[in-house]
Each structure stands twice: as structure tokens, then as C-alpha cells.
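Two chains, two frames, a set of hints: combine them into the complex.
Top line first, the protein sequences correspond to chains A and B. First residue of the first sequence: 1, per this note's numbering; consecutive thereafter. First residue of the second sequence: 1, per this note's numbering; consecutive thereafter.
Calculated from the structure, these hints are not laboratory results. The reader is advised that the hints may include incorrect statements.
Derived BS3-like pairs (lysine-lysine); straight-line CA-CA distance at most 30 Å [to be verified]:
| no. | chain 1 | residue 1 | chain 2 | residue 2 |
| --- | --- | --- | --- | --- |
| 1 | A | K103 | A | K113 |
| 2 | A | K5 | B | K13 |
| 3 | B | K18 | A | K103 |
| 4 | A | K113 | B | K2 |
| 5 | A | K106 | B | K2 |
| 6 | B | K13 | A | K104 |
| 7 | B | K105 | B | K82 |
| 8 | B | K137 | A | K114 |
| 9 | B | K17 | A | K114 |
| 10 | A | K5 | A | K25 |
| 11 | B | K17 | A | K103 |
| 12 | A | K12 | B | K2 |
| 13 | B | K2 | B | K57 |
| 14 | B | K183 | A | K12 |
| 15 | B | K137 | B | K256 |
In silico negatives: residues of chain A with every beta carbon more than 12 Å from chain B [to be verified]:
| no. | residue |
| --- | --- |
| 16 | H19 |
| 17 | L50 |
| 18 | S159 |
Please read these numbers as outputs of a predicted model, since none were measured by experiment. Each residue gets a CB set at the ideal place from its N, CA and C atoms; glycine is no exception.
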Amino acid sequence: MIILKGVEVSFKGQFVLKHISYQFKDQMFYLIQARNGSGKTTLLNAIVHLVPYRGEIEKTGTANDYFYLPNDFQFDSSMSGRDYLTLFTNLWSSAIDIEMVIKKIKLESFIDKKVVGYSLGMRQLFVLALYIVTDTNCWLIDELNNGLDEENLQLLVDSLLQAKKQNRTILFVTHQIEKIAPVADVTINLNGGNLNESVE
Amino acid sequence: MKAWNSFFSFNVKSVIKKKTFMLPMIILIFGVFGVYFANRSATNNVNIVALVAGDTKDMQRQQHQFKSRGHKVPKALTIRLKRELALKAAYDNKDWSTAAANKIKINNEDIQSSKNSGDQQGVSALITENIELEFVKANNVFPEVEDMGVHSVNFLNDLFDIYFPIVVTVLFTFMVVPLFIGKYQHEKNMDLLFPRSSVWLESNRFITGFFVMFFSFVLLVCVAVAVSGIFSGLGNPHYPVVIVRSMPGPTISIIKVIFEALCLQILALLSLIGLIQLVSNLTQNQNLTLLLVIGFSVCQTIAASKLAFLNSIVNWIPGTYFNTISVIDGTVAFETNNHAVTFMNGIIMLLAYNIILISVNLLTNKYKKVY
Numbered sequence: 001m002i003i004l005k006g007v008e009v010s011f012k013g014q015f016v017l018k019h020i021s022y023q024f025k026d027q028m029f030y031l032i033q034a035r036n037g038s039g040k041t042t043l044l045n046a047i048v049h050l051v052p053y054r055g056e057i058e059k060t061g062t063a064n065d066y067f068y069l070p071n072d073f074q075f076d077s078s079m080s081g082r083d084y085l086t087l088f089t090n091l092w093s094s095a096i097d098i099e100m101v102i103k104k105i106k107l108e109s110f111i112d113k114k115v116v117g118y119s120l121g122m123r124q125l126f127v128l129a130l131y132i133v134t135d136t137n138c139w140l141i142d143e144l145n146n147g148l149d150e151e152n153l154q155l156l157v158d159s160l161l162q163a164k165k166q167n168r169t170i171l172f173v174t175h176q177i178e179k180i181a182p183v184a185d186v187t188i189n190l191n192g193g194n195l196n197e198s199v200e
Numbered sequence: 001m002k003a004w005n006s007f008f009s010f011n012v013k014s015v016i017k018k019k020t021f022m023l024p025m026i027i028l029i030f031g032v033f034g035v036y037f038a039n040r041s042a043t044n045n046v047n048i049v050a051l052v053a054g055d056t057k058d059m060q061r062q063q064h065q066f067k068s069r070g071h072k073v074p075k076a077l078t079i080r081l082k083r084e085l086a087l088k089a090a091y092d093n094k095d096w097s098t099a100a101a102n103k104i105k106i107n108n109e110d111i112q113s114s115k116n117s118g119d120q121q122g123v124s125a126l127i128t129e130n131i132e133l134e135f136v137k138a139n140n141v142f143p144e145v146e147d148m149g150v151h152s153v154n155f156l157n158d159l160f161d162i163y164f165p166i167v168v169t170v171l172f173t174f175m176v177v178p179l180f181i182g183k184y185q186h187e188k189n190m191d192l193l194f195p196r197s198s199v200w201l202e203s204n205r206f207i208t209g210f211f212v213m214f215f216s217f218v219l220l221v222c223v224a225v226a227v228s229g230i231f232s233g234l235g236n237p238h239y240p241v242v243i244v245r246s247m248p249g250p251t252i253s254i255i256k257v258i259f260e261a262l263c264l265q266i267l268a269l270l271s272l273i274g275l276i277q278l279v280s281n282l283t284q285n286q287n288l289t290l291l292l293v294i295g296f297s298v299c300q301t302i303a304a305s306k307l308a309f310l311n312s313i314v315n316w317i318p319g320t321y322f323n324t325i326s327v328i329d330g331t332v333a334f335e336t337n338n339h340a341v342t343f344m345n346g347i348i349m350l351l352a353y354n355i356i357l358i359s360v361n362l363l364t365n366k367y368k369k370v371y
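Just chain B, with the same shape it has in the complex (with noise of 0.2 Å):
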């Protein structure tokens, strides 16, 4: 035990002191940083009141003319207006739920109005947004923008959904290479110089790799939600996430869409640490195992949103549940019209793909070749 733990923390030790740990923690983290300030600054473009604001000035241009011309305001235009004006109003006092009353009615005339030219994705839009909008009025929480949460809960939502499927995926890979193709020197396996054996070490190294990559990320998980916490707040852990379907209706808890997504995250991660551990010890080559490693996890990661051709098959893809949250809030179910892709199946899934990763890791081990 006292070899395998001094082992254990000579690896660990090993890997974060160097920079291909460092250079990759300090972009995620600036990451998180950026993309927090960059949500908020976007947040006062694109809010409930931003959106309608071309509307507003329209119809305060439109009532300007009628009155000019001595002719009468047509009611619906005065309603109208007088509700966008109480939603400006409401929002500038901070009053969410009067401000997302008023929006709700505005969306509701909206919806009326695509309903009758026919546009069924703009309908299902304001459906999605008056779902959220009905939990802002009943709550009075801070009504937040789609892909630009500054709540922590609403923030660390959209980090799971935008950039950690893919980024972390990447950065992460970059981390923990160094740690299996180090031994491979001058096309000599240096292994075979330690008295323990090679299943003994390379287990000792996956552990490693999953501790190094499980406490980086939550590094990242703490740095985020510290940082929207201390400018926005913590958020409200039941602001519904609406299930994507071609009608809108069901909604699960943001606490629980992202407890979910942490479930399939860490799964994610450990199969990306058996991938990097296979790879390293068929190619012996850092650059090498890179290209294939991120190459194979990234190609599997877009399959679901990016090739249509892999529709139908998209849920045996393990890949596919690294959009963990497009996995549970249906997204990927939706869009590729193959609704076996859930979280439970991407549980199974990935623990398989786990099992199947690590089995062939041992028996590599087991029966690599010595001279």
C-alpha cells in the first residue's frame, strides 16, 4: 500500500506541476471568467425588454404618426405598447414578475400571430420562454436569457451545454497524455525497470488520471460558481429547464439537469482517461495519441449535432452523452428524432463504454509483449 500510494502521489505531483496541466487550467479558468462577464454584458442586450425594444420604438413611431394625422390610435397598437412600456418599466424596478406578466401577454399575442402565418418553431420559441417566464412571475426571480446565465445555477447550466463538451474534452486530454506515454523512452518501454507489474502500474496511473481530471473539473465547477455567485447570486436551483420537443411542456429543475449532467460528466471523464491510456500504449507517442484521442472523443462529441447521417445510430454513440445537457433536456433527442438518446441510456451507455475501456486496458496490460 505504501508503494502504491508513494507511486500514486508521484504521479499526481508529476502531472500538475507541469505546464501541460498549468497552461490548460489557467485557459479554463480565464474560460469561465470570460464567459461569465461576456453572459452578463450580453444579458443587457438580449433581455425581455432588449428584445421587444425595436418593437417599442416602432409603435411610439407608428402612435406619433396617427396623432400627427389627427387620426385615432388603434386600440391593440395602444395595448400593445402599454404593455411593452409597463415590461420596460417593471424590469428597470427589478419587478421580474411583472415585467415577465407583461412578457408572457406579449408572447401570447406573438404566438397568436405565428400560429397564423404558420411558423411552428416561433410558436414552440415563446411556448419554451412563457414556460419560463410563469416560474419568473410566480418566483419573482431574475428572468434569464437562453445560453447566458449569470446565476450560478442558470450559469453553470450553459457551461455544461456550450463549452464543456468539448473544451474540457480537449484541455483535459492535453493534461494527462504526459502521465501514460512518459515511460516510453527512446522506444523502450521503462516499466519494465520497476519491480511491480504493468497492471499494477498502469492502474495506479488511470487512478491518477481520473483523480487529476475529477478535481480540475471541479475546480472549475467551484470557480464558476463562485464567481456568478459573488456577481449575481446563486440563482434558484428550480428554475425549470423545458424539455425540447416539437410542443413544449414538461420542465425539470436546473438542480436537477445539472446534478445529471455532472453524473454523466465524471463517466465522461473516465472514459476519456481509458481512451488516453489505450492509445498511449498502442502509438508509444505523444503526438500521436493527441491527434487520435481528441480526433475520436470531439468527432463522437459533434456526431449528434453535426452528422445527420448517424441519426438513427447517434445513441450507441458514447460521445453523444458528452453533451450532457443537450443529452437531458432532449435536445439531441429532438434534433436527431432518435429518442433513445436519455440520460439513463447515456448512464448505461457510458458505463459500458467504461467497462469495455478498461477490460481492454488490463488485457493489453496483462499480455503486453516482453522480450
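This is chain A alone, in the form it adopts within the complex (with noise of 0.2 Å):
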């Protein structure tokens, strides 16, 4: 569970989150709208603590239950996408087996070369390869269907549908809903930096 206590998150006296109150429920799939440079990446960050907010943030369990990568995280230019698959699988001590990841999201053909040169869908697709083999409870998604084809973005729905099965709460900011909203059970408008819920 995160909860949201008028937060507010303003850059050089410009709010772009304004005194957010809001209860983030566990299992829940929480699919956040707004049009580009309108806050959302902003409200994942202050979630994590990348960025300084006021107001206060609660979270249930421990680190080890989140996992976030910011859209414009920097990979390091030196490595693979199987380092980082390796390396992330052990940061959150997780038993998903690699391997079935890659054939899964089908990533065999580039994931031995440097994250550097993948392409934006290509890249996508590794995120979401990283986000399943962290195996972690909360998963905070930045508009990782930016950029996929209808067959890639069709796989990031089933992987999206098979980790609701799995119980997982996620919060995916997009200004794209069409193919997400569907799979959403709550969607939220971020609009002039406040929240507004509408249940589907």
C-alpha cells in the first residue's frame, strides 16, 4: 500500500504535484493519464524518494517489494542487457529464472549486446524483462508502451495481465491508455497536478 499525504512536489516555485492526498491499495492495478510534462513521472519518483516532496509518503513492506525505473534511467554503456537481467535478479534476491524471461519477452536476439544500442522498443521490452525478473510486489511503470509495435505492446499486456494474476500492485503512468486501460481496475486523471479517480 502507498499512501499519498498532501504531497507536493514543486520545481524552482512551480507546483507540479499540488497537495496530493491518495491511498494506493494493494493488488490493485492503478493506470495514471495525464497529457506529456503534467506530473506522472514526477509522482513515481516522489514515491521513491528521487525527487524532494512535501507532504508524507507511506509505503507497506520493504524495498525489496518495489521496483521503479525511470524512463530516462542512463544504462551503463558498457553493459548488457543479460548483466543488468543478472545483476537485478540478485540486487532483489529473486528466484525467476532468467532464461524463461528472455524466450518470454523474446529478447534472445539483443540481449548479449550493450543496453546502449537497443532501440526505444527494444529497450522496452528489456525494462519489462527487468521489472518481471525483480519479482517484486509493487511495480511502478513509466509509460513503458512509449514506443512498441501492436505485437510488442500485446505482450507487454499479457506480462501486465499475467502480474495481476499474480497479485501484484502496479501504478503505470502513460498519456497512451487505449491498450492499457483496459487491464486497469482504477484509472487515475493527473491534471494540473492533482489526482482525480475514475472506477471502471
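See the structure below:
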């Protein structure tokens, strides 16, 4: 469970998130939609304490229960996808079989190449694999549907459905909701720095 | 433990696969080759024969003039010339013992002349040379030229003395800075995404950094020993290093000097890692970290030889002991007139410096601001 109490984030005096209070319940899929630049990523960054905020953010469980990779995360220029999968599996003490995930997400053709050389679509699939291998209870996902073709988008949706079945809590932020909305339990609009819920 | 090992091997791989590691290593390895072959070539021009060659020619000319004028050649000139020619003949025949014996006699004459002219520095230099030549004479080993060693032990000694203190510090800093700065992206600390404490992650990086530096250093030493060993031989481990003082006398075997230098060097590398880690976390900027770490380390290293106003406190500056050989052979103590600059004080000082850096790093990480 993630509880936001009067959370405010501002950059250079301009508020990106305005006094947000909300409770994200366990084992629910939240789709947070908003236009570009409206604070979607900032919300996730605040939840994992990557950006300074006012107010309170409470999270149940331990750090081992959460996985979030910001959209602008820079992978090491000399490391391959497999290096990262191995590292993340071990850092999160996960028992997931990496090879199985590589096969499932169809990463075989590029997983041993350097991540910095991946196209956007390849990178998104690789990041999806990172979510799966860490095997955490809560996924904070930042626009992972961007840059995916139809086939890979379906692969993402299938993986999200599978995660739902596994009772994971998912916060998925995006400005393109079409394919993801049917999977979500709750859709939230983030506009003008406020959260407005609409239950599906 | 699995997570620790995984993060460690990831970090090692990440450092050694980068150009910031490969380029400095290539420069250092080629540098070692370059210095060796430069020494080898220079040894032909500044060896114990070459140093008296001008004098020999001059005396031959004088002898010729005396004879052509029908005058008697002075006995002193004849003896000196005979010794110098004997020195050259022995050197050319690789009879180092005889060459050294003749050079000692020549030096003894010069010591007397220098004493008469009040050249105390010249006397000191010649006495130092004679101490080494006595060893050459007794053991029939190649007489190494100062600062231009070609046999493995002597070459290594000179590398440690002249090139490593600053070059290694600068290039090794380039190698490991990305390890500590990579976590700062877009003014955010990406370590917060990992389910491990800051102390855990930073301790792992510290050990990785030291591991990479240590093995890079060992590799350089091996390359230096191999190249000089193949072309010139390993040398005599008991070759004397004369302790620098106003009247030279005591010596230490070169192998002991190298061993002690290695101890200081390892502690120096450890402190360099600690400093890089601290500055990286404070500045969160790669270029600024490089500038500050290199500037601070190099200034400390040269303080002993260039900043005379610091002479009285140079023993308290950790970077003084980066000049490993100069500390051990007494050069720094003699030149700064600060006799607290010793090997043992170096070990104590660098250990204390490391403990302070590690403690500050741990505290910085433990109480790092989390929003």
C-alpha cells in the first residue's frame, strides 16, 4: 500500500504536484493518465524519494517489494542486457529464471548486446523483463508502452495481465491509455497537479 | 552474499570495459615500454665510461701535446689516463668488477679535487656513486645509471620514483571516477531505486575501485619486470640504494626499497579511492570530481619537492608519502630538512588518512539526505 498525504512537488517555485492525498491499495492496477509534462513521472519519482517533496509518503513492506525504473534511467555504456538482468535478479534476491524471461519477452536476439545500443522498442521490452525478473510485489511503471509496435504492445499487456494474476500492485503512468486501460482496475487523471479517480 | 558478488562483478566489468579504463592502461603500458627503451638508450650515453669520455679525450690531447713538444708527460696525467682507458676496456668487455674498481679510483681523485674546491655537493654525489660501485666491484654486476635503471629491480625502483607518483595517480583517477559518479543521473541519485542501503552499495564500489586499481597496478609492475627482465635481466636484489644525507653512508637493498614502496603505494591507492568516492558524492559531477581529486592529490604529492614553505609540516601531508621511493631513500627528508618523513611515519600517516576518508564516506552515506 502506498499512502500519499498532502504531497507537493515544485521545481523552481512552480508546483508540479499540488497537495495530493491518495491511497494506492495492494493488489490493484492503477492507470495514471495525463498529458506530457503534467507530473506523471514526478509522482513516481516522489514515491521512491528520487525528488524532494513536501507532505508524507508511506509505503508498506520493504524496498525489496518495489521496483521502479525511470524512463530517463541511463544504463551503463559498457554493459549488456543480460548483465543487468543478472544484477537485478540478485539485488532483489529473486528466484526467477532469467532464461525463461528472455525467451518469454523474446529478447534472445539482442540481450547480449550493450543496452545503450537498443532501439526504443528493444529498450522497453528489456525494461519489462527487468520488472519481471525482480519479482517484486509493486511495479511502478513509467510509460513502458511508448515506442512499442502492436505485437510488442500485446506482449506488454499480456505481461501486465499475468502480473495482475500474481496479485501485484501496479502503478502505470502513461499518456497513451488505449491498450492499457482495459487491464486497469482504477484509472486516475493527473491534471493541473491533482489526482482525480474514475473506477472502471 | 550472492547480491554482493553480483554487484561487485557487475561493477568490475563496467569499469574495465570502458574507454576511461582501457586508454589510461594502454598509455601506462606503452609508457612503461617507452621509459625502459629510453633508459636503455640513455644508458649508452651516460654510463660510467661515457661520463669520463670527454676527460679521456682531453687528456689524450694533452699527452699528445706534451710529446710533440718533447716534454715529459706528467705522471698524474699518465696514471689517470691509464685508469680511464682501463675503465673503458673493462666496460666494453663487460668486466663490471674491474670497470668499477677503476672508476672508484678515478672518483677518489675527483673527491679530493672537489674537497679542495669546496664542492660539497660534488663530494657527496661521488661518495654515493662509490658506495654503489663497491657493490658492483664485489658482485660483478652491471653498474646501473642513476634514474635510468635497466635491470628489473632497478627499473622498477626508478619507475616508482620518477613516474608512478603523479602519472599513476592521475590516470587511475580517470579509470575509477565513472564507478562512483554513474549513479547520479539528471540530478537524481539512482541508488535509491535499489533495495540495498547506501552504505552497502558504496562499500561495494569502494572495494571494486580498490580491486581494479590494485590489479592494474600489479599488471603494470609485471609488465615492467617482464620487459626489463627479457631485455636486460632481473638484476641483483641486493643492489644498494644509498640513503640520501649530507654525508652518504648507509644503504638499503633495492628489493627492500621496492617492498616498502609497494606497501606505501597500496595505501596511497586506497586513499585515492576514498578521496574519489568522497568528492564524487559531494560534487555529483564527473568533471568537477576529476579536477578536484587530481588537483588535490597532485598538489599533495609535489608539496614535498616544490612548495618549500610547507617543509616543516610536509610529514603531516598524506600525499608526501605518494613519493614512495623518495621517502624511503631519505630524499624528501633531506631536501625538506624534515626528518619525520620516514617509511614508518608514511605507513601510519596513510593508514590514518584512509581511516578518516573511509569514516567520512561511511558517515556521508549513512546520513545522506533522503527526501
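Now for the hints, and whether the structure bears them out:
no. : hint               : verdict
1   : A:K103 with A:K113 : holds (16 Å)
2   : A:K5 with B:K13    : violated (42 Å)
3   : B:K18 with A:K103  : holds (29 Å)
4   : A:K113 with B:K2   : holds (24 Å)
5   : A:K106 with B:K2   : holds (27 Å)
6   : B:K13 with A:K104  : holds (27 Å)
7   : B:K105 with B:K82  : holds (11 Å)
8   : B:K137 with A:K114 : violated (60 Å)
9   : B:K17 with A:K114  : holds (11 Å)
10  : A:K5 with A:K25    : holds (14 Å)
11  : B:K17 with A:K103  : holds (27 Å)
12  : A:K12 with B:K2    : violated (42 Å)
13  : B:K2 with B:K57    : violated (73 Å)
14  : B:K183 with A:K12  : holds (23 Å)
15  : B:K137 with B:K256 : holds (21 Å)
16  : H19                : holds (17 Å)
17  : L50                : violated (5 Å)
18  : S159               : holds (20 Å)
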